[in-house]
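Using the sequences provided together with the hints, build the complete structure.
Protein sequences appear in the order of chains A and B. Using our numbering, the first residue of the first sequence is number 1, and each one after it goes up by one. Using our numbering, the first residue of the second sequence is number 1, and each one after it goes up by one.
Simulated from the structure, these hints should not be mistaken for laboratory data. If you're wondering where the values come from, they're calculated on a predicted model, not measured in any experiment. Any given hint might turn out to be false.
Capping the alpha-carbon separation at 20 Å, the derived lysine to any residue pairs in SDA-like fashion look like this [to be verified]:
{"id": "1", "chain 1": "B", "residue 1": "Lys414", "chain 2": "A", "residue 2": "Gln315"}
{"id": "2", "chain 1": "B", "residue 1": "Lys394", "chain 2": "A", "residue 2": "Ala174"}
{"id": "3", "chain 1": "B", "residue 1": "Lys414", "chain 2": "A", "residue 2": "Met143"}
{"id": "4", "chain 1": "A", "residue 1": "Lys85", "chain 2": "B", "residue 2": "Asp164"}
{"id": "5", "chain 1": "B", "residue 1": "Lys414", "chain 2": "A", "residue 2": "Ala174"}
{"id": "6", "chain 1": "B", "residue 1": "Lys414", "chain 2": "A", "residue 2": "Ala21"}
{"id": "7", "chain 1": "B", "residue 1": "Lys414", "chain 2": "A", "residue 2": "Glu316"}
{"id": "8", "chain 1": "B", "residue 1": "Lys190", "chain 2": "B", "residue 2": "Thr402"}
{"id": "9", "chain 1": "B", "residue 1": "Lys303", "chain 2": "A", "residue 2": "Cys176"}
{"id": "10", "chain 1": "A", "residue 1": "Lys201", "chain 2": "B", "residue 2": "Ile409"}
{"id": "11", "chain 1": "B", "residue 1": "Lys190", "chain 2": "B", "residue 2": "Pro142"}
{"id": "12", "chain 1": "B", "residue 1": "Lys394", "chain 2": "A", "residue 2": "Met143"}
{"id": "13", "chain 1": "B", "residue 1": "Lys437", "chain 2": "A", "residue 2": "Glu309"}
{"id": "14", "chain 1": "B", "residue 1": "Lys190", "chain 2": "A", "residue 2": "Met143"}
{"id": "15", "chain 1": "B", "residue 1": "Lys380", "chain 2": "B", "residue 2": "Asp164"}
{"id": "16", "chain 1": "A", "residue 1": "Lys286", "chain 2": "B", "residue 2": "Pro410"}
{"id": "17", "chain 1": "B", "residue 1": "Lys394", "chain 2": "B", "residue 2": "Arg181"}
{"id": "18", "chain 1": "B", "residue 1": "Lys437", "chain 2": "B", "residue 2": "Lys380"}
{"id": "19", "chain 1": "A", "residue 1": "Lys85", "chain 2": "B", "residue 2": "Arg391"}
{"id": "20", "chain 1": "A", "residue 1": "Lys85", "chain 2": "B", "residue 2": "Glu312"}
{"id": "21", "chain 1": "B", "residue 1": "Lys190", "chain 2": "A", "residue 2": "Gln315"}
{"id": "22", "chain 1": "A", "residue 1": "Lys286", "chain 2": "B", "residue 2": "Ser411"}
{"id": "23", "chain 1": "B", "residue 1": "Lys414", "chain 2": "A", "residue 2": "Lys85"}
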Amino acid sequence: SAVAITGCACSRTKTQRRHAAHFTFQPDPVPSQYGPTQKMNLFQSITSALDNTLASDPTAVIFGEDVAFGGVFRCTVGLRDKYGKDRVFNTPLCEQGIVGFGIGVAVAGATAIAEIQFADYIFPAFDQIVNEAAKYRYRSGNMFDCGNLTIRAPWGCVGHGSLYHSQSPEAFFAHCPGLKVVIPRSPIQAKGLLLSCIADKNPCIFFEPKILYRAAVEQVPEDPYTIPLSQAEVLQEGSDVTLVAWGTQIHVLKEVASMAQEKLGVSCEVIDLQTILPWDIETVCKSVVKTGRLLISHEAPVTGGFASEISSTVQEECFLNLEAPISRVCGYDTPFPHIFEPFYIPDKWKCFEAIKKMINY
Amino acid sequence: MLCLLFLGPFFATATMRLLINNACIQSFQVLQLQQTFDSSLEKPQFPGASAEFVDQLEFIQPNVISGIPVYRVMDRQGNIINPSQDPQLSKETVLNFYQKMTMLNTMDRILYESQRQGRISFYMTNYGEEGTHIGSAAALDPNDLVFGQYREAGVLMYRGFPLDHFMAQCYANADDLGKGRQMPVHYGSKDLNFVTISSPLATQIPQAAGAAYAVKRENTNRAVICYFGEGAASEGDAHAGFNFSATLECPLIFFCRNNGYAISTPTNEQYRGDGIAARGPGYGMLSIRVDGNDVFAVYNATKEARRRAVAENQPFLIEAMTYRIGHHSTSDDSSAYRSVDEVNYWDKQDHPISRLRHYMTARGWWSEDDERSWRKQSRKTVMEAFERAERRLKPNPELLFTDVYQEMIPSLNKQRESLWRHVQQYKENYPLDLYEK
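Right under this line is the structure:
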């Protein structure tokens, strides 16, 4: 993640200093129900999940570009040495091949964990994902399926990623019945959700917030454990406004909730959606029935972004409970910019302002 | 090591030694891992390629005039050319080949007609390509996994897929193993190891590579075969599949049916090189071109490719040259882009079924009487299955909503309930009588 350069600024002007991250990672309490824990950052929690999988499932294989030496984000460090080159291996540079190959591995009955190097590069594989993986079980009358396939990809803004290292493409896949799309906010969540995706008998896409790979550190259980899919988590209860997000943006909203309490006396309920598809309509609606106000926030562009689906469903289900129009604080309808990132992202000030408007509606 | 690829025309011998040796490529890979760079040597030190330096500027000429030769066993009249290549299959086996090819042909005629009469929505025939199906299917093990494109019904037929199941899928009736979800000819069979096909072309190619990789790790001596046409071979997925299978050392046979057309697009608009077989060496893959209308040539090539693919864990590329005698599908009228004379040539002068029949009659294995009574019997069998399929109800509309995920999800369940409420209210507008309850 981007880090503020402090100390000797004599040879640098103010404009040359890179900005601090737009959020502060807030670790969850140490879980007690899953056994002994170890300090891990996000990429280490991913490695741990993959290690557990390769240990318990002899059919499991991990593949993609550069995974053999440990991966460009170090998620697969040590696994090839530990489990063998037939189980952790590089593929040629070809996303449609990586996913197509992964579908074939899954169809043959083995556990396939495919890595796409950046979510921004998942599009060559769109046909294989949408036309093939998602539809395999349905179109074959349940004779064949690729439920054993999990696709992992780094996701979201990172401070300097620009157009092609910052994208959040979950909305493209949310429109595709047959897929599951999951996004964790932290190391503990990531390991449990990834293990659920791997165990799930449907093809899953698991987006990993790259800005959290090193910045997010928690005490993560060493043993395998699962966190259920399609169950949103209420991180803090509140009575006035429901805030919904996923991934990195959760940490922004947690801070926004504090700001709203402190400066406006407004009590916010913060929900981590976690699974984008199929999403937990019940938890979100239950919350909006209570609070009457909803704010959804994501980095992806606002038009056609997943907030529009949530907004549409909530107004159908909770129309009479709403005290104000549903607010979406999202990226603008532009490609993800480089130098303009601080202006582009849905930061805590934009979210705070949106809450103010809803309260005063 | 000999790497003849870059030194002029491909060698042109008419025997099985057409498989371009990739041993030089294998040894190069070993070399790369051990390489230390030494600039005192005059040999290239690049990690990406070895070979020698050359000081003459010369572009390698792609050879399309006398390219990779076509392996065959029988001439167009069904006579064995080189007796050492006759697989010498038993009379029973050869009769079975013939009966499967002709049964497929009969089924095609009847189902094509049934589409014309509005009984089924769509159909694709296999006319002229029966030899590619039966020859290759016969060379495989029943446990070998098949990934097809859409014109390989004979492979399923050879493996014993019942006529009732072919018909059920085309009629999308309640007996369809696919539960009525796909257009006609999108067959699949778990029991017969034939993965359900899908309409997008070439998507099966990298999938076959993945399946072969998984099958290799199982260590059960299974192979995977992947069929596609010369048109589909232009897709990016084909490039992906070829490259992955070679680099990841998969026991896989790529079987390309080069039938001259991709709908209306002839091969000279599909590619400019020497067909599909010539691409194999580019991937480090052993490749061969065969006469697809010669069922024994197809059989021999597939059998040897299968044996070696499993023994050596590497992919093989077979390009079976053939001709699509029928239209692309019932939505196509090929007289718009090719002459009746051209089609008649293949139908009358170079057809896999007639060539095999000549082979059989020359041995006294098949007479005019046999032909007459078999034609009558196969037609009767197909018609009976056809009539059964016609009478059958369509599947329960509940099946619209299942198998999207392994489990039913709440939001979809709500949609299902809302459809039922709606249909109850407006039932006279929905053809409920045609469907199972």
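To see whether the hints hold, each was checked on the structure:
1. B:Lys414 x A:Gln315: Roughly 17 Å between the alpha carbons, so the hint for lysine 414 of chain B and glutamine 315 of chain A holds.
2. B:Lys394 x A:Ala174: violated, 31 Å
3. B:Lys414 x A:Met143: violated, 25 Å
4. A:Lys85 x B:Asp164: violated, 46 Å
5. B:Lys414 x A:Ala174: With Cα atoms ~18 Å apart, lysine 414 of chain B and alanine 174 of chain A stay inside 20 Å; holds.
6. B:Lys414 x A:Ala21: Outside the cut-off at roughly 42 Å; violated.
7. B:Lys414 x A:Glu316: holds, 14 Å
8. B:Lys190 x B:Thr402: holds, 18 Å
9. B:Lys303 x A:Cys176: violated, 41 Å
10. A:Lys201 x B:Ile409: Given that 20 Å is the threshold and the Cα spacing comes to 13 Å, the pair holds.
11. B:Lys190 x B:Pro142: Answer holds: lysine 190 of chain B to proline 142 of chain B is near 12 Å, not above 20 Å.
12. B:Lys394 x A:Met143: holds, 19 Å
13. B:Lys437 x A:Glu309: Outside the cut-off at roughly 34 Å; violated.
14. B:Lys190 x A:Met143: holds, 6 Å
15. B:Lys380 x B:Asp164: holds, 13 Å
16. A:Lys286 x B:Pro410: Distance of about 15 Å is within 20 Å: holds.
17. B:Lys394 x B:Arg181: holds, 11 Å
18. B:Lys437 x B:Lys380: Cα-Cα ~31 Å, so violated.
19. A:Lys85 x B:Arg391: violated, 55 Å
20. A:Lys85 x B:Glu312: holds, 18 Å
21. B:Lys190 x A:Gln315: violated, 44 Å
22. A:Lys286 x B:Ser411: Answer holds: lysine 286 of chain A to serine 411 of chain B is near 15 Å, not above 20 Å.
23. B:Lys414 x A:Lys85: violated, 46 Å
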